[in-house]
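Participant: Below, each chain spelled out in residue letters.
There are 2 protein chains.
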Amino acid sequence: MPATPKKSPSKSARKSVKKTAVTAKPAVKAVKKAAARASASADPIAVVQDLRIRPGKPGKVLSSELRYEGPLFRVLSEEVEEPTGKRNRRDIIRHNGSVVILAVDTSKSKRDPLIVIERQYRHAAQQFLYEVPAGKMEPGEDRLAAAKRELLEETGYTARKWKKLVRYFASPGFLGEWMQVFVAEGLAPGQAAPEDDESFELQRVPLSELLRLIERGQIQDGKTLVSVLCYARSLGRK
Amino acid sequence: MPATPKKSPSKSARKSVKKTAVTAKPAVKAVKKAAARASASADPIAVVQDLRIRPGKPGKVLSSELRYEGPLFRVLSEEVEEPTGKRNRRDIIRHNGSVVILAVDTSKSKRDPLIVIERQYRHAAQQFLYEVPAGKMEPGEDRLAAAKRELLEETGYTARKWKKLVRYFASPGFLGEWMQVFVAEGLAPGQAAPEDDESFELQRVPLSELLRLIERGQIQDGKTLVSVLCYARSLGRK
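One line per chain: the protein sequences are H and U, in this order.
So in numbering that gives the first Met the number 0, the last spot in the first sequence is 237, and the numbers never skip.
So in numbering that gives the first Met the number 0, the last spot in the second sequence is 237, and the numbers never skip.
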């Protein structure tokens with residue numbers, strides 16, 4: 000059931016001070032800084048030191064039409080009554096979800112472990128990208144089982160130790176796909192068995208090198224950015 | 000033109016040592032650790048200390064069929080000759096690309112600035128998510144102009160200083176959408192003008208609080224994870 004729509008306190012607050020902020024246009028350059036400070040203090044958008052996450056309840060689907068169904072995803076056009084009270088028509092892509100594996104080899108260094116990276120041609124991006132292993136869930140599959148399967152298929156590795164790192168939505172404006180990232184440690188090599196339409200170059204790359212590449216903007220895959228950056232933080236690495 | 004397919008050196012290397020790794024199955028538990036060390040040293044996947052990024056060339060589209068066209072994206076089913084030499088059929092989603100704005104208020108603290116965060120209902124995720132402002136590009140639009148437009152529409156802010164932070168693909172297995180993240184500083188408040196189907200609660204949240212929420216797995220939007228984590232690294236923050 001949709002929740003009662005609530006008016007955002009920040010929005011109503013903004014209205015009350017809007018005019019002040021908009022009319023504050025200093026003509027003299029020297030006073031701009033002071034004015035910026037003043038308008039900052041008059042900023043109607045509330046400062047929240049301690050953000051309480053309220054996921055709310057799902058909206059109510061009033062109608063749903065299947066527009067396309069392929070092997071990887073379905074496209075639906077739905078009319079939704081959102082918990083805000085608004086009714087909207089949304090084109091959305093439904094997907095089973097994906098598992099992502101940050102496969103970590105700490106045998107040489109715990110502080111700067113090696114991470115398994117694939118170079119893979121991505122038609123959607125029209126280039127080769129450097130990515131951590133990942134794949135889509137089969138219907139009804141357990142997430143950890145899917146992660147183990149994908150790691151084995153794509154790299155040949157099995158891992159002794161698995162833990163969840165983070166779960167997120169890749170592009171929640173229209174894509175239902177979530178990504179569950181696992182960290183896999185205690186790697187033992189074996190034989191990869193990629194699917195027919197897959198082709199990888201595999202390498203193990205030091206975390207420090209990946210962080211350097213990320214800082215230079217050379218890693219362009221979202222799940223790899225999220226996985227490596229979250230993992231680096233979990234190690235307390237800058 | 001597709002590049003000549005190259006055989007991965009790591010893959011051919013793997014083949015030559017595969018049997019050793021696979022037949023090493025210690026029956027006694029006590030020797031497992033030593034065996035793990037041994038198989039780690041026999042790991043056929045190369046260690047690359049200095050990863051040279053080779054994006055390659057786009058594949059050749061042999062056929063393309065439009066499966067669905069909506070306001071936000073198009074679905075195409077394409078047969079592609081990839082630069083690896085493989086021919087594959089791929090369902091892909093074409094999208095104009097998105098701009099993402101990390102709007103940073105450093106007026107109180109440069110070390111722990113405030114970040115503008117929206118709480119927004121996302122039908123694709125079936126929940127409210129906490130996100131940085133973002134929106135899709137209009138056809139032919141300049142990226143920076145799009146970022147300024149989206150920030151103003153969604154939050155009312157204008158910003159004196161803009162710089163690019165990172166650009167990435169949200170889910171490159173099938174989605175062509177890239178996300179260009181900008182950092183916007185020197186914020187001045189004004190009047191927001193969200194689109195009819197948009198509804199936000201806005202707040203300014205300290206970077207330290209966002210990092211704490213990320214560590215607890217409470218931020219579930221990919222672009223927000225990437226933007227905040229990359230920005231924190233750029234400040235040298237753990």
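Hints may be right or wrong, so weigh each one.
Because identical chains share one entry, a pair is satisfied inside a single copy or across any pair of copies.
As a list, the in silico BS3-like pairs of lysine-lysine whose alpha-carbon atoms are at most 27 angstroms apart [unchecked claim]: (1) Lys135 <-> Lys160; (2) Lys109 <-> Lys160; (3) Lys162 <-> Lys59; (4) Lys135 <-> Lys56; (5) Lys85 <-> Lys163; (6) Lys85 <-> Lys135; (7) Lys163 <-> Lys59; (8) Lys135 <-> Lys162; (9) Lys109 <-> Lys135.
If you're looking for bench data, these hints aren't it; they were derived computationally from the structure.
Participant: Okay, which hints does this one fail, numbers in order?
Facilitator: 3, 5, 7, 9
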